[in-house]
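Model the placement of chain R on the given structure of chain L, informed by the hints.
Line by line, the protein sequences are chains L and R.
So in this note's numbering, spot 342 of the first sequence is number 342, and the numbers just go up one at a time.
So in this note's numbering, spot 31 of the second sequence is number 31, and the numbers just go up one at a time.
Just so you know, the hints here were simulated from the structure itself, not pulled from any lab data.
Among the hints, a few may not be true.
The list that follows gives simulated cross-link-like pairs (lysine to any residue, SDA-like), each with its CA atoms no further than 25 angstroms apart [stated by the list, open to error]:
1) R/240 <-> R/274
2) R/118 <-> L/329
3) L/247 <-> L/143
4) R/296 <-> L/143
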Amino acid sequence: MSPLGGMRFQIEPRLEQSRAIRTLAPLIAVVLTVLVGAVMFAALGVDPLAALASFFLHPVDTLPELGDIGVKAAPLMLCALGLAVGFRGNVWNIGAEGQLIVGALAGGGVALAFHGATGWYILPLMVAAAFAGGAAWAAIPAFLRTRFHANEILTSLMLTYVAAQLLGFLVHGPWRSPDAFNFPVSRDFGDDARLPYLTDTTELHLGVLFAVIAVPLMWVLTQRSYAGFQVQVAGLAPRAADYAGFKSSRIVWIGMLSGGALAGLAGLGEVAGPIGKLQDQISPGYGFAAIIVAFLGRLHPVGIFFASLLMALLYLGGGTAQIEMQIPPAVTGVFQGMLLFFLLGADLFVGYRIRRVGRVAA
Amino acid sequence: MSPDLIDGIVVILLATVRAGTPLVFAALGELVAERSGVLNLGVEGMMLVGAVAGFAAALGTGSYALGLLAAIAAGAALALVFGFLTLTMRASQVPTGLALTIFGIGLSTFVGYPVQDKPLAGLKPIDIPGLSDIPVIGPLLFGHDLLIYLSLAILAALLWFLYRSKGGLILRAVGESAESADAIGYPVIAIRYAAVAFGGAMAGLGGAYLSLVYTPTWAEQMTAGRGWIALALVVFATWKPGWVVAGAYLFGGVTIVQLNLQGWGFDVSSHLLSMLPYIATIVVLVMISRDETRIKLNAPAALGRPFFRS
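Pulled out of the complex, with its shape left as it was, chain R reads as follows:
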């Protein structure tokens, strides 16, 4: 292969990872919430609120770290509203999640009004002299921004937590049978609150990745359905963290193909190309869902089922 072609492939791979990373954060967070038995359909709303909070904080303070903290806090705060309604006030999870998304869209547009379309330099990839300059391997291993390394560290931590720690075992037990976990004496409601808050924090981070790194600005509804795609990814991955990340990069790849097809000489309307990620989501969802037994075996048995002690 010619060096130009190899360079081109490296550029596309880097762009694919960047496009997939918001989904990695949001979907891993939702996976933890769902593993505890809670289905939160508010991911899109939490991502948007995280995106605007992160952007406004970074713009105001000049610090990306503070921006990320603001995004985490905002996402978690919104998730706790959901937690309060579904876990304490016993509201149904599906309508409450929808309300959270509608509220998040409205709130982010409303508070984001003063910072709409303002530019920000954006968090740049790291550059380790020597290492980042190695051909092909250098950029692929050492050419990402810090948040991408953070997302992979969270994946590693989650794999350890879910499958190798006692805490993970308890979380999964709560998601499989809240009644049994309660009978053993685990605080089901508190565990679900924590899982929901973690999901919100991660959705907030995913949103902030969009507004601070991927396209460093704030535009209303800039998530463009990624929160919903993240929800679909959790199903696609049959609730397994490694597959969530693989799926997220797959969707990143679809996005990059969509963005580049015209540049590669395909004369197709940009509107038709923009349908690709959404159609891909439907196709993938259908492919995975048609095997009903596989879904039933892997889905947390108590997913979406309320638990109240009284």
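So here's chain L without its partners, still in its complex pose:
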């Protein structure tokens, strides 16, 4: 309650959650972010309309560029779809970036092992390895949480730093290409170890299709399966879940492994897709941005589909704004953070409403 011009305001719970606001909150957050962004650009002495056009319109005004949105959105979509499973059950895996890297290493390792070989079987093997690699990296915090009660937020994040160093070690050391003149890159993957392009005019590759297919699959898992139901109950009412006999360790494992496996696949999509080899940087923080995507998409597969397209636009917009307006590309990170702030703030109005009350103390 705060006095304001003689009036008092009070936050009071709604009898029923507002579904309309729940659906609209992400859009409100986007509008507010764009508005604050415009003010920020103006304060920096940049023409706000030109900057916004450069950020949100110029990245998508041709067909190949629209394809680029899909290419950027795919890893975000995969990571966020997996993370959302855990988040629904209050399992906070924030190490998707590390699981993405290990997935890329596992899949890329297969590609390097079959260097010079050809065959249809190489790519499926890589996909399986990436899946397993990401899941294995996520299994560590799951095990430490279920066996030793160690907080998965901290362990999964620490493992991200370890994974980044592991990648650095491999491409600077044992996996460095003999032809690379000491650059930290592996050999180029063979043709049969690359994800094929889907069209002639865009950069869309098979990995983007994986992400799109994952949307309905994850919808079935989260909304229609018994496992998804258990996770959901554990998140909304932990004591009811206990009472129903749902094992909390099972929830942790489901949440962590879903996130890890899909992040691993996302990592493979990068190294077997646009990059075509292993190098010391393979992701501009997709695993972290996916946390925002998951929340922005309301932890729902369909919402995540659209949220990852938006987040991809933010990445590409950061690039064009740098070229056209000389704005540092880090502005993308500022926008990402603001987006989540506004969304979390707007959520107040899902369950509560602000009521103006008279001068009488309530």
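Relative to the frame of chain L, chain R by itself:
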């Protein structure tokens, strides 16, 4: 022991304290916030914003004091955004803290762009003629920079505040049971705002220690996960300030060992060595967390639990 070896040990001890001090600031701040019942996962973001604000201010004005003030203000300001969202707008603490870190990384990189990699002389250790020259004890007692003495003074003040003052008792009561504290008539939300702001100010100081003293420059994401290690330290210390400082120096020691192993003739990849502090954090966290009763007895009972009056 030969004099050379003793000198070498003194140098390592000094370096250990320096490496641990950013963690001392950040973790003590987070400890106060958590003691009030608020879990702020945005430490990494607040440290980064403090580091860049402190560096830019010191570079622009030439004054380290102004740099530190800027860092404190920036860290506290970011913490208040977190406070507003979680305490007033009733947002969940975990996602809001994550948002704060992501925002802090982006904001610090963005505003730090013009001062990226610029050099600064850096705050030097004090030198008291006579005292600092005493062998072994001189450098260990009188050979640090002013901020290290400040961090220890804050530790002493916190120990007094938390366990010997009425204010500390109230803060702990709010963290144990906000409902009871509210029923007695204490302003729970205001107390939590203050604790969160203090945590942000301290994280800002910790960041500034990195950019003004430890490696006097600004580089994007220069905290390299120290904010998260600080969060782990609070758990490791079972929410006790003295143990936080001991843990921070332990991690400082791990960092120094990691930086020196190659120099001591161990032929190990620097990438593998760089994993050490992170793996050490996991190991320590597992060791302390496996005793569930000990954590439950020591953690503030209302940690992470929202309180709203309406």
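* To do: Kindly indicate which numbered hints from before are broken by the structure, ordering the numbers from low to high.
  => 1
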